[in-house]
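Q: With chain A held as given, fit chain B onto it using these hints.
Read top to bottom, the protein sequences are chains A and B. So for the first sequence, the working numbering puts the first residue at 1; every next one is plus one. So for the second sequence, the working numbering puts the first residue at 1; every next one is plus one.
Hints in this document: simulated from the structure, not taken from any laboratory. Hints may contain errors.
Quick list of in silico lysine to any residue cross-link-like pairs, SDA-like style, CA-CA up to 25 Å [said to hold, decoys possible]:
#1 A:K234 - B:R141
#2 A:K226 - B:G186
#3 B:K10 - B:G60
#4 A:K700 - B:D91
#5 B:K182 - A:K700
#6 B:K182 - A:Y168
#7 B:K182 - A:G74
#8 A:K234 - B:P131
#9 A:K758 - B:A40
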Amino acid sequence: MSTRLATGGRLTDRSQQIKFTFNGKWLRGLKGDTLASALLANDQMLVGRSFKYHRPRGIVASGAEEPNALVNLGKGARFEPNQRATTTELFDGLAAASQNHWPSLEYDVGAVNNALSRFLPAGFYYKMFMHPRPLWKHVYEPFIRQSAGLGKAPDAETRDADRYEHFYAFVDLLIVGGGVAGLQAALTAGAAGAKVLLIEQDAHWGGRAPVDGGEIDGVTPEDWVKKALEALEKMGNVRLRTRTMGAGVYDHGYVLGYERLTDHAPDQGGPRHRLWRIRARQIITATGAIERPLSFAGNDIPGVMLASAVRDYVVNYGVSPGDRTVVVTNNDDAYRTALTLKKAGLEVPAIIDARTSGGGALMEEAKALGIRVETGRGIANVRGLKRVISVQICAQAGEGAVLDEIHCDAVAMSGGWSPVVHLWSHCGGKLTWDAQNAFFRPDASRAPTGHDGAPFVAAAGSANGHMHLNTSLQDANTIAKSTLAALGLAPKTEAAPQAAAPDEAPLEPVWLMPQGAARKLRAKAWLDYQNDVKVTDVQLAAQEGFESVEHTKRYTTLGMATDQGKLSNINGLATLSHALGEDIPQVGTTTFRPPYTPISMGAIAGEARGDIFQPIRKTPMHDWHAANGADWEPVGHWRRPYCFQRDGESIEGAVHREVRATRDSLGLLDASTLGKILVKGPDAAKFLDMLYTNMMSSLKPGKCRYGLMCSENGFLTDDGVVARIDDETFLCHTTTGGADRIHAHMEEWLQTEWWDWKVYTANLTEQFAQIAVVGPNARKLLEKLGGMDVSAEALPFMGWADGTLGGFPCRVYRISFSGELSYEIAVPANTGRAFWDRLLADGAEWGATPYGTEALHIMRAEKGFIMIGDETDGTIIPQDLGLDWAISKKKEDYLGKRAQQRSHMTDPARWKLVGLETTDGSVLPDGAYAVAEGHNANGQLNTQGRVTSTYFSPTLGKGIAMGLVLNGPDRMGEVIEFARTDGGRVKAKIVSPVFFDPNGDKQNV
Amino acid sequence: MSEATSVLNKARFDGLVTVEEAGLQGMITLRGDLSSSALAGAVKAATGCALPDRRRIVHGAEGAVGWMSPDELLLLCPYGEAAAKAAALADALSGEHALAVNVSDARAFFRLSGGAVREVIAKLAPVDMAPGVFAVGELRRSRLAQVAGAFWLTDETTAQLVCFRSVAGYVNDLLCTAADPKARVGFF
Chain A
1 MSTRLATGGR
11 LTDRSQQIKF
21 TFNGKWLRGL
31 KGDTLASALL
41 ANDQMLVGRS
51 FKYHRPRGIV
61 ASGAEEPNAL
71 VNLGKGARFE
81 PNQRATTTEL
91 FDGLAAASQN
101 HWPSLEYDVG
111 AVNNALSRFL
121 PAGFYYKMFM
131 HPRPLWKHVY
141 EPFIRQSAGL
151 GKAPDAETRD
161 ADRYEHFYAF
171 VDLLIVGGGV
181 AGLQAALTAG
191 AAGAKVLLIE
201 QDAHWGGRAP
211 VDGGEIDGVT
221 PEDWVKKALE
231 ALEKMGNVRL
241 RTRTMGAGVY
251 DHGYVLGYER
261 LTDHAPDQGG
271 PRHRLWRIRA
281 RQIITATGAI
291 ERPLSFAGND
301 IPGVMLASAV
311 RDYVVNYGVS
321 PGDRTVVVTN
331 NDDAYRTALT
341 LKKAGLEVPA
351 IIDARTSGGG
361 ALMEEAKALG
371 IRVETGRGIA
381 NVRGLKRVIS
391 VQICAQAGEG
401 AVLDEIHCDA
411 VAMSGGWSPV
421 VHLWSHCGGK
431 LTWDAQNAFF
441 RPDASRAPTG
451 HDGAPFVAAA
461 GSANGHMHLN
471 TSLQDANTIA
481 KSTLAALGLA
491 PKTEAAPQAA
501 APDEAPLEPV
511 WLMPQGAARK
521 LRAKAWLDYQ
531 NDVKVTDVQL
541 AAQEGFESVE
551 HTKRYTTLGM
561 ATDQGKLSNI
571 NGLATLSHAL
581 GEDIPQVGTT
591 TFRPPYTPIS
601 MGAIAGEARG
611 DIFQPIRKTP
621 MHDWHAANGA
631 DWEPVGHWRR
641 PYCFQRDGES
651 IEGAVHREVR
661 ATRDSLGLLD
671 ASTLGKILVK
681 GPDAAKFLDM
691 LYTNMMSSLK
701 PGKCRYGLMC
711 SENGFLTDDG
721 VVARIDDETF
731 LCHTTTGGAD
741 RIHAHMEEWL
751 QTEWWDWKVY
761 TANLTEQFAQ
771 IAVVGPNARK
781 LLEKLGGMDV
791 SAEALPFMGW
801 ADGTLGGFPC
811 RVYRISFSGE
821 LSYEIAVPAN
831 TGRAFWDRLL
841 ADGAEWGATP
851 YGTEALHIMR
861 AEKGFIMIGD
871 ETDGTIIPQD
881 LGLDWAISKK
891 KEDYLGKRAQ
901 QRSHMTDPAR
911 WKLVGLETTD
921 GSVLPDGAYA
931 VAEGHNANGQ
941 LNTQGRVTST
951 YFSPTLGKGI
961 AMGLVLNGPD
971 RMGEVIEFAR
981 TDGGRVKAKI
991 VSPVFFDPNG
1001 DKQNV
Chain B
1 MSEATSVLNK
11 ARFDGLVTVE
21 EAGLQGMITL
31 RGDLSSSALA
41 GAVKAATGCA
51 LPDRRRIVHG
61 AEGAVGWMSP
71 DELLLLCPYG
81 EAAAKAAALA
91 DALSGEHALA
101 VNVSDARAFF
111 RLSGGAVREV
121 IAKLAPVDMA
131 PGVFAVGELR
141 RSRLAQVAGA
151 FWLTDETTAQ
161 LVCFRSVAGY
171 VNDLLCTAAD
181 PKARVGFF
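So that you can see chain A by itself, here it is in the shape it has in the complex (with noise of 0.2 Å):
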């Protein structure tokens, strides 16, 4: 059984105890534990279940990469899914549940699918669940949701408890790693004044080093990090972060750094994770490297881990796996294991080394610790279901005739290891195979390139193939002095520390033990646990054609999921390789994508939630408008109100009320969302006859005129009203949401064709605070507030003037898009609100009512006025809409013209708008199709037109719609069908398109 021991523990502080929960039960923990290293001192070996067979799994290794011990961690607003317990930070009343089980980890009913593995395959659901196929709407998909999946999702009611946030940093050269290499670089670099940020994913700095021993510069390993952090600390053109992991690479030294602020302290406030976006000019990947498993039967009971994880909880934690650890290895480095073990006070039975000829000088240490050796040896297979029980020994050229059998409680493999070679891969580098060591390591001479073709990432230390301490610091040095160069900068001529390590014999590669295992146990050898990949499964994908890694990967599920194989990539694909009969770097690896572990959602979207999850625009008025019963409507990022509901009002009343009290007597409108685009030069006219279709340089100052703006390809894009401020200068008003948008394609016009003719345009849309007065009593409220002549004469219909009203000043354009008599008030927008409350008070007596976008449409539509947006969808021309009046035939060009004149824009076919009545007097369906006879190839209804805007007119007391109609101007009074989304008909006749005042008496007085 795993157990605290009575001493030991580097980073662990025996002083204070921390309580936390597994499965709802309080166990105790030390500060400075992960809870990896908590449960296995609480013995909790058994930490999940796995995903497709629910096999009982346990803690396996002590960092990243751990593909077993995921857990739901926290509770309610702070519940996450699949965290990994070696890499969480143990905190006092941290609440933790194992995953996949159903009803509890000890008793699972999904452990049914071990029994049945044999029938469950790689492949299994791609064959299984093809066909039939009405069976997997109703009971493939329901069984595999189920089933599927690791942690629960958080409850769909809750809301992340916590705040994120981004930062941009750039540097002149990042580390990735603080390891005992990323240390040496960042000195190397450091001292050569480069900026560096030094980025490290552990709470700790040193890396594996202070575990695995030797000696840098004569002290430990412990004590140099100790002395390079205080001498980098010192140093102010170098940033360290702890808890910040390199999650990825992308082009032009672009670096995601993940910062875990609170996580191991989520009462302490602030933001939770930060996203660090680091522009680098160099990159240097300090990552270290990862131990693989040996595939033996058995290497997934709990109990089984990796010889380096269980020196970590050793050394680090002062927790021990197993009273009784048999070392099973192909190389010298889980000797180091075996030694710990030793000197901890622990027993280790046997050391199984693989090789025929042994280690090398850590073999002689454990023999003379008095270790059995058995060489040329490997694991038949590993006893016990929940725990270890025994190991089996075998022959390791055989098939798995048992020699001997052990009893002991854990197994510390080691099947070697690979250099971390993530995000040196990311953007591009490639990997070469090193026979030798039997790893993929980074080809320097591939290495990823920036803009210039130069190189901008390098791998040093173990990351970079160099596993010997010594070699591990001198390559840094190296590495860092060659980035330096590539920086310009002229590195100090120091030597790397020297470094003192036993030499160590050469590994035999060991990607199955024994090397003849006969089938059934291959079948309990795995390679992927998180996944539940076996030997045998890989063999059968490579049998059944797959012989990509690729496809491999995706058809036996390998590498797949939270952990993207980092413990089970190199042995999968050397099985591959070996069923294919071909080389390794053949074969060659799957893609390493970013990031490097799972990053949080919330980290993605940093600061962007709650209130500012998007930006909100909101006019001088908005704050009345909130304070008047504002119903909300979405119009760009604008807020609009779609009406103003009082109390005891629907929706639907408030917005009859203000077309009626706007169409009887006053109404006003906040218009200040309207584009105000400034045009300005002395080709200002002709670049507006070129925007718009109509003539604009006719526009005399002093005047407005209503105009159209096409797309290169016809299709009408924006409209408004164009008012002539002198002749060099035009204000364009556009519609709420194109107002950027114009402004962008008036720019894009004059940079990239018209870039010699003298126009200038500046968007003064939020300069203006800007109000229609709308109504019968619209000119008396004006007349009431003063400062300025708006009589019929002095202020004609599509006039505007300057003036004051009421002391504000202001600009007002006598222009309608209701009917009414109407004039739009621009004040700036600092007086607006002031302006706004001028007008309803001083309006009072006229009952002046503010109205919202709904009206504004219904009486828009009353008038037959288009809506962009409504009538036009990006494939109407004006000519489809009756604007032909607006399409100046005397231009030579304009913007559209040409497109206007092929012969699909000239069909008379072309739909075409009118107004539409229905029978019965109720409101068609929004955009109903109208129904012809027959049908067309598919066996659908045939169409002849359909609705682009329907409303219920208040004004009327009846539907009107508008509507596009085949060859409809010429079918007035014809009564058409329209089909109901519930297959029904509504009858609707043919009208003119102005339902309302079609003389214009109301507006022109």
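A: Just chain B now, kept in the frame of chain A:
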């Protein structure tokens, strides 16, 4: 006569830095030929400043002038004088192709002060805010999270920042969030 009110009515927040909506600020957009001596003279007359170099802002007795693009300047002046100064600029430049327009009401103006001013901006704008890189007097048009903004340092611990008026509330909330006293980065 009407009283103008700045968009956030001088809202203030104390955190890693003090975030203040700095009240009414006169702003003029001037577009024209920046190599024209008439333009330089008009700018000098309006603000007392010489033309800034690319990406710089120059402060003078009566205001400031910032470089916004190869043919655009931002002039700062007292709020009450902006309309008259814009008109005077237009008059002075009537002989050449130029556009001078009062945009004082179109924008919000913020002041950030405190030791962490570089850090707070670096959380929102993809700009290298390091001392020695982003110097006092440098003007940057960039983005603040999801909206456009421009900013500059007037001294080592003070920044001024402009954004569009309609998003003043959003930018204020962004700045206050970034200035959370518990969110210190300690990078610069």
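Q: Now look at each hint and say whether the structure bears it out.
A: The hints, checked one at a time:
At most 25 Å may separate the alpha-carbon atoms for a hinted pair to count; K234 of chain A and R141 of chain B exceed this at roughly 35 Å. Of the pairs offered as hints, the one joining K226 of chain A and G186 of chain B holds, with about 21 Å between alpha carbons and a cut-off of 25 Å not exceeded. Distance check on the hinted pair: K10 of chain B and G60 of chain B sit about 24 Å apart at the alpha-carbon level, within 25 Å; holds. Proximity of K700 of chain A to D91 of chain B is assessed by CA-CA distance (about 22 Å); at most 25 Å being required, the pair is judged to hold.
Under the criterion of a C-alpha separation no larger than 25 Å, the hint pairing K182 of chain B with K700 of chain A is inconsistent with the structure, at around 60 Å. For the hint linking K182 of chain B to Y168 of chain A, the alpha-carbon distance of about 18 Å falls within 25 Å, and the restraint holds. At roughly 22 Å between alpha-carbon atoms, K182 of chain B and G74 of chain A fall within 25 Å of each other, so this suggested pair holds. With a CA separation close to 18 Å, the supplied pair K234 of chain A and P131 of chain B stays within the 25 Å bound.
This hinted pair checks out: K758 of chain A and A40 of chain B have alpha carbons roughly 19 Å apart, not beyond 25 Å.
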